[in-house]
Amino acid sequence: MGGYTIGALASACGVGRDTIRYYERSGLMPRPDRTASGYRIYDKGDVDRVNFIKTAQSLGFTLNEIGLLLSLRGSDTASAADVVKLTESKIRSVATKLRQLKAIKQALEQLVADCPVDVPASDCPILIYISHASHKRLDRRNGYNQAR
91 MGGYTIGALA
101 SACGVGRDTI
111 RYYERSGLMP
121 RPDRTASGYR
131 IYDKGDVDRV
141 NFIKTAQSLG
151 FTLNEIGLLL
161 SLRGSDTASA
171 ADVVKLTESK
181 IRSVATKLRQ
191 LKAIKQALEQ
201 LVADCPVDVP
211 ASDCPILIYI
221 SHASHKRLDR
231 RNGYNQAR
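Just so you know, the sequence shown maps onto residues 91 to 238 in the working numbering.
One or more hints might be untrue.
[Said to hold, decoys possible] Cross-link-like lysine-lysine pairs, in silico, DSS-like; alpha carbons within 30 Å at most: (1) Lys134 with Lys180; (2) Lys134 with Lys144; (3) Lys175 with Lys144; (4) Lys195 with Lys180.
FYI, nobody ran anything at the bench for these hints, they're computed from the structure. Note that this is a predicted model, so its numbers are computed, not measured.
Go ahead and model the full structure; you've got the sequences and the hints to work with.
Have a look at this one:
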């Protein structure tokens, strides 16, 4: 009998067995055929599918988005415009995250610049800022909120 066991599939794709099982539970992978003794058996299409999932993840797509991409890929009625629409949405999401990361970076840089390094850690403005529950979000205008 040809095919891949779960270990061989995982090895061929550079992932763990639990990853394959998770993809099955998530609906990203179809339930495989099983041998008479109960072992899962996969084929070349499953190798391609796992590699597709991993590549999409490396591009920042979530598992839900990957599920949509897989359904578009397997659809007889979907067009490339549908894939572009989903990808453009991902681009907007990434741009938003980049803006958020830039604000975080600026806030951290300001906290470092404001920290006199020759004081006890208990007087460190960084730790004081983190300790105050009153500022859960960055102040977008100033980079961060001064402790109140």
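Checklist entry - For this structure, which hints from the list above don't hold up? => result none
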